[in-house]
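S.K.: Single-letter residue listing:
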Amino acid sequence: MDTSENILHQASSGLARGSDTARAKAARLSPSFISWLQAGPMMLVFLAFFLIPLVFVVIVSFWDYNEYQLLPAFSGRGYTDTFEGCIAQIPDLCTIGKTYLKTLKLCFMVWAITLFIGFWVAYFLAFHVKSKTWQMGLSLLCTIPFWTSNVIRMIAWIPLLGRNGLVNSGLVKSGLVNQPVEWLLFSEFSVVLALVHLFTFFMVVPIFNSMVRIDKSLIEAAYDAGATGFQTLVNVVIPLAKPGIVIGSIFVITIVMGDFITIGVMGGQQIAAAGKIIETRLNALQFPAAAANAVILLAITFLIITMMSRIVDIRKEL
Amino acid sequence: MTETTRTTGVSRRTLLKGTAGLAAGSGAITGFPYVKSAETKVLRYLGTAVNEGDDISKQCLKDTGIKIEYITATTDDVTKRVMTQPNSFDVLDTEYFSLKKLVPSGNILALDSKKIKEFDNITPVFTRGETPGGKKIGNQGTAPWKVLYLEGKDSKTFSKTATEFVTLIPTVYNADTLGIRPDLIKRPISSWSELLNPEFKGKASILNIPSIGIMDAAMVVEATGKYKYADKGNMTKEEIDLTMKVMTEAKKAGQFRAFWKDFNESVNLMASGETVIQSMWSPAVTKVRSMGVACTFQPLKEGYRSWASGFCVSKGVSGAKLDWAYEFVNWFLSGYAGAYLNRQGYYSAVLSTAKAHMEPYEWAYWMEGKPAEKDIKAPDGSLLEKAGAVRDGGSYEDRMGAVACWNAVMDENDYMVRKWNEFIAA
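These protein sequences, in sequence, are chains A and B. The first sequence begins at 1 in UniProt numbering and counts up one residue at a time. The second sequence begins at 1 in UniProt numbering and counts up one residue at a time.
No lab work stands behind these hints: they were computed from the structure. Worth double-checking, as some hints may not be accurate.
As the list claims (entries may be wrong) - Taking lysine-lysine and the DSSO-like style, the derived pairs with C-alpha atoms no more than 30 Å apart in a straight line are: (1) B:K251 / A:K98; (2) B:K160 / B:K186; (3) A:K105 / B:K245; (4) A:K98 / B:K135; (5) A:K105 / B:K117; (6) A:K98 / B:K237; (7) B:K117 / A:K98; (8) B:K117 / B:K135; (9) B:K261 / A:K98; (10) A:K102 / B:K251; (11) B:K237 / A:K102; (12) B:K251 / A:K105; (13) A:K102 / B:K135; (14) A:K102 / B:K201; (15) B:K245 / A:K102.
No experiment lies behind these values; they were computed from the predicted model shown.
Taking the hints into account, I'd like the entire structure generated from these sequences.
M.R.: Right, dumping it as structure tokens:
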């Protein structure tokens, strides 16, 4: 704050040299101007690399196309094709309905599991590890898997879970099962497993961050007032960790909703995903249809996030 | 995908100035005697990994002084790149079935057959749709001879008769079929219908590239006797519905272990025993075998699904660069590259020149279907087959002569892609 004020001061004094009134005016304007100056770079990046491309995606989603080019004429074809059969096939679900149901189901499972694991890992780090050094050390330990590519972390599961994989040969040899367990790989189980493995850390960090900021005296006060450990958890820790929980949830939900690589590889390409539809359309050079699907995905994800931020006002809590 | 016609911003003069020192320098270091011109001949080569061997580019530099810079992408991404960034490459190596999209876009330039030395020696597979031995080849799908010629230099219409304007100068092709694990199946397999045989429940796979996957699916449907297509490579909406219905039922019954999307996935599925029967590509079968796992590229009575690719240039290529492109294509057909491809189990477009670059025992094994007299080695020197082995499917005549259909882009491609998504979601 200091430095930017100084810079501004110098700049404005340079501009309005010799004029006291102008200088005073510049000084009056400065707080809001400084805020803009500070937010400016991020805003520009956001505008150039997110908002403008997004506007293009929305525009293109309303274009027509043929086998080899975009036709810049208004057409709702991208959308009508996507929802093809949704009314005609009732009570059966149409392709897009089935796809989103599956994606949401996977998303919910991954969210619930990562939240559970993430919460307790963060709880342990924040309240049971006393020394700051150990807290830092253990947090860093959590990041070690991230030193390798997420594709590798995902693919590493395949030889483990396969029909002739380590887990299955262990089970067969120990006599627990007669035949290899097929649902370990290329199933919803393996997809959820890989996603949880990949993304739990995104839950740990924000929750941990919220928890370390909880004033320890509040917990002592709850204890003094006769609250049990469980009551303290429900009435003190969870409400105060809510911003972290919501931020972590937003991370996990947005990533899983758009994921198609993990679902593709771990699901043996047999499980539909919202992102997969977009990819298939892109590969067939049907850009408007892909853009329409991207807009639908964005709208649905946005809806979920809005509902979550209804529960907790993140801006107020931060 | 807006089209911007851009000429290269560098004039020939500045190019000469800029590269003179560089070329002289490289000439001094490498000492190739042919570097007489002061230009560094560089061609940006966009294609899939099939033809892009390091050995090929090294040999090309040695023989012609042309430096090849590979831009490697998947088949779909190659097409995407031609559409969206036509100035980002010089030479394009792509498959014939994508021409239905590429030619109307106007982003590629046909080559002049009169400037291709070996053009008259190109196998009749491409020009007449028959093997050198006179066997008629299946006509279904985007067969190369349907899209080989254009009506004029800048025409966007395929010519039914031979003209000098060639869309893609043929380079490589093959006949694909199902790969099986004979050690796990333990009985002869002779029909595409076996892919949906409940005996292999949970152990079958098909590829998840819609335009190719549906062709394999159609081979299966026809083999089961459920339906006979007029043209598997150009189905009507009803035929697409029917094909996908059969596949969806199989998927719901748990027939498929997984679908695969790239080469390595197909190798891993087969080598690990996750699948015992699946659609596959020839080098993937070789790879599985080189891992010490029994795998057969099984010839089937209904025939093969074939594919072919070739060279053209970007519309932005002209002048000296176009001459280099012709020089490169001519070199590619002159034998070294053809022999290299034949040794991987593919087929080269000009058989005579490739033969001259192969040992007689190699030619006998790969092309004539005879038992190997000596150990068969891959281009990198690794052992592929021990002496005595016979190539799956036999000779060139037997394999190419049994081709039933070609990879294709259908008129109803858009509908087919939507149905494929439905199949995946089922």
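S.K.: Work down the list of hints and note, for each, if the structure agrees.
M.R.: A quick look at each hint next to the structure:
1. B:K251 / A:K98: The given pair, whose Cα atoms are some 15 Å apart, holds under the 30 Å limit.
2. B:K160 / B:K186: violated, 47 Å
3. A:K105 / B:K245: Cα-Cα ~25 Å, so holds.
4. A:K98 / B:K135: violated, 47 Å
5. A:K105 / B:K117: violated, 61 Å
6. A:K98 / B:K237: holds, 22 Å
7. B:K117 / A:K98: Distance of about 56 Å is beyond 30 Å: violated.
8. B:K117 / B:K135: holds, 26 Å
9. B:K261 / A:K98: holds, 22 Å
10. A:K102 / B:K251: holds, 16 Å
11. B:K237 / A:K102: It holds: about 27 Å lies between the C-alpha atoms, which stays within 30 Å.
12. B:K251 / A:K105: holds, 20 Å
13. A:K102 / B:K135: violated, 50 Å
14. A:K102 / B:K201: With a Cα-Cα distance of about 23 Å, the restraint between K102 of chain A and K201 of chain B holds, given a limit of 30 Å.
15. B:K245 / A:K102: Holds, at roughly 20 Å.
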